[in-house]
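Asker: Listed below are the residues making up each chain.
2 protein chains.
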Amino acid sequence: MTTGVRRRMGVDERRQQLIRVALELFSRRSPDDVSIDEIAAAAGISRPLVYHYFPGKLSLYEAALKRASEDLAGRFAEPHEGPLGARLLRVMRRYFDFVDEHGPGFSALMRGGPAVGSSTTNALIDSVRQAAYEHILAHLRVTDPPARLELVIRSWISLAESTALIWLDGRRIARAELEIQLVHDFAALTAVSAAFDDEMRAVLRPILQDEPADGPFSDLAARLIALAS
Amino acid sequence: MTTGVRRRMGVDERRQQLIRVALELFSRRSPDDVSIDEIAAAAGISRPLVYHYFPGKLSLYEAALKRASEDLAGRFAEPHEGPLGARLLRVMRRYFDFVDEHGPGFSALMRGGPAVGSSTTNALIDSVRQAAYEHILAHLRVTDPPARLELVIRSWISLAESTALIWLDGRRIARAELEIQLVHDFAALTAVSAAFDDEMRAVLRPILQDEPADGPFSDLAARLIALAS
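In the order they appear, the protein sequences are chains U and H. Going left to right, the first sequence walks through residues 1 to 229 as the working numbering numbers them. Going left to right, the second sequence walks through residues 1001 to 1229 as the working numbering numbers them.
Read the hints as simulated data drawn from the structure, not as lab findings. From a predicted model like this one, the values you see are computed outputs, not experimental measurements. Hints may contain errors.
Calculated from the model, a selection of chain U residues having no Cβ within reach of chain H, i.e. all distances over 12 Å [claimed, not checked]: (1) M9; (2) S46; (3) Y53.
So the derived label-pair ranges between C-beta atoms look like this [claimed, not checked]: (4) U:V11 - H:R1093: 55 to 61 Å; (5) H:S1027 - U:A77: 39 to 45 Å; (6) U:P79 - H:R1020: 52 to 58 Å; (7) H:A1174 - U:S127: 27 to 33 Å; (8) H:S1027 - U:E81: 21 to 27 Å; (9) H:A1202 - U:D210: 31 to 37 Å; (10) U:R205 - H:Q1130: 37 to 43 Å; (11) U:L137 - H:D1037: 41 to 47 Å; (12) H:Q1130 - U:P79: 40 to 46 Å; (13) H:R1201 - U:S127: 36 to 42 Å; (14) U:D71 - H:L1049: 48 to 54 Å; (15) H:D1071 - U:T120: 30 to 36 Å.
Even glycine gets a Cβ: it sits at the ideal position worked out from N, Cα and C.
With the hints as extra help, turn the sequences into a complete structure.
Answerer: Dropping the structure here:
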C-alpha cells in the first residue's frame, strides 16, 4: 500500500507532503524531539525514502521552516484601509493564530532550536522580520524612515516575538489581551520616541489624526491620562 | 621566550589569559572570523597549546561567554536607593557600556553566532536574562509577581537587547538617548499594562508615587500628555 502511494506522488508532491507532516509534528512537540522515523511513519513511507527527498533532518527542518516563514510573513499583509490601530490589531490576531498553530516549533526556533545558527535558518527568520517591518512602514506611508522610526518598529517586532514566546510558556494570560496589548505597546513606544524627537513627531502626527476616538490608540491615551492623574 | 612565559603560568592562569585574549578579539571582530591561530598568536603561545587548555574553539568560546555573562549580569546590580527611574537609567548606562565594549561578540551571539543552539550558550544567555529579571523585581519590591508583570519585565528585557543590537548596527542614534529611551519604554510598557489591569495598577501605584517630579518617569508623563493634546 505504501508503494502504491509512493508511485502516485511526484518528487515535489512528496516533498510538500513531508513538509506538511513535519510541521504538523513540530506543532505538537519540539523539532528536537521528533525523529526522522516518526516523520516517515506519519507520511506512510520508509526512513530511507525520506532521505531520498531530504538528505538529512536539517534540510527537512529548513524546508519546513521556509514554508512556515512564508506563511507568517503573509499574515502581516493587511489592506491599507481604515484606522491604523484596527489594522494592526487584525495583524496581531493572525500573528497569534500562527504562534498558536505552531507552538513548540515556534518556541524551539526562537529559543535556539536544532537549526539555529545555520545561515539558512537565520536568513529565514530575518526575512519574516523584514517583511513585517516593510508592511508596517507601508501602512505608516513612510518611504524613507528616520533611524528612530526604524528602531521603534524593529524593536517592537522583537517585543511581539518575546511576548508570544512568554505566552506559549504556560498561556497564563488570554491571547486576545496580548494582541491588543501589543497594539498599545506599539502606540506607547512610538509616543515615547515622538515625545523626544521632532522628526518622529512630524511622522506620527498625521497618522494619529486619522485614528477614531473609539480606536485602540485613543483608548490607550485616555487610560494613560486617567492613570497619571 | 614563549616557553618561559608558559612555565610561569599555571593552568588556571593560562585559561584566564586565553579567555581575556579571546574576548578582546571578539570585541573587534565576530567570533566566526577569529581563528584559534590568532588567539594563540595574541596570547604568545602555540596553537597546540591552546588546544591543551581548551579542547576546541567552542569550549573556549563558551568559557569566554561565561565570563562575559557574569560581567553583564553583575551590571544589573544597583543599590536600592533613590528613585526607580534614576536607578534604571544607571543600569542602562552600564548595559550600553558592556554592549559597546563587546560589540561584534555581542551581535554575533544574539544574532546566532558559532555556539548558538548549544545548550551551554543558551543556558548562559538565559542566566543573564534571569539575573536582569530578578534584579528588576527586587527593585520593584515584588516577591510574587503577577503573570502580567513578569511578561512586561521579560519582554522589556528583550526590547533592551534588540535596541542594543540595532544600535550596534551603524550607531545612528546616540547611545545616551537610547539609554533614557529604554527607561521610558519600561515606564510606558508598565503603564500600558496597568491601564488595563487592576492588579498591575496596584503593584505600580506605590512605586510611581516615589518618583520625583523631575525624574524620567514624570518627565515622560508630562511629554506624553503634551503630545496627546
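Asker: Would you mind marking each hint as holding or not holding in the structure?
Answerer: Status of the hints after comparison with the structure:
1. Distance check for M9 (chain U) against chain H: the nearest CB is about 33 Å away, which clears 12 Å, and the non-interface claim stands.
2. Once the 12 Å rule is applied to beta carbons, S46 (chain U) is consistent with being away from chain H; the minimum gap is 29 Å.
3. Every C-beta of chain H lies more than 12 Å from that of Y53 (chain U), the closest at about 24 Å, which supports listing it as non-interface.
4. For the pair V11 (chain U) and R1093 (chain H), the beta carbons lie near 57 Å from each other, so the given range of 55 to 61 Å is met.
5. For the pair S1027 (chain H) and A77 (chain U), the beta carbons lie near 41 Å from each other, so the given range of 39 to 45 Å is met.
6. Under the hint 52 to 58 Å, the C-beta atoms of P79 (chain U) and R1020 (chain H), about 56 Å apart, fit the expected range.
7. Distance hint check for A1174 (chain H) and S127 (chain U): the Cβ-Cβ separation is about 30 Å, which falls inside the suggested range of 27 to 33 Å.
8. For the hinted restraint 21 to 27 Å between S1027 (chain H) and E81 (chain U), the CB-CB distance of approximately 49 Å leaves it violated.
9. Hint check: A1202 (chain H) to D210 (chain U), Cβ distance near 35 Å, so the stated range 31 to 37 Å holds.
10. Roughly 40 Å separates the CB atoms of R205 (chain U) and Q1130 (chain H), a value that falls within the hinted 37 to 43 Å.
11. A beta carbon spacing of about 44 Å between L137 (chain U) and D1037 (chain H) agrees with the range 41 to 47 Å that was offered as a hint.
12. As the Cβ distance of Q1130 (chain H) to P79 (chain U) is approximately 42 Å, the hint placing it in 40 to 46 Å holds.
13. Distance hint check for R1201 (chain H) and S127 (chain U): the Cβ-Cβ separation is about 40 Å, which falls inside the suggested range of 36 to 42 Å.
14. Distance hint for D71 (chain U) and L1049 (chain H): a CB-CB separation of about 51 Å, consistent with the stated range 48 to 54 Å.
15. One distance hint, 30 to 36 Å for the beta-carbon pair D1071 (chain H) and T120 (chain U), holds here, with the actual separation near 32 Å.
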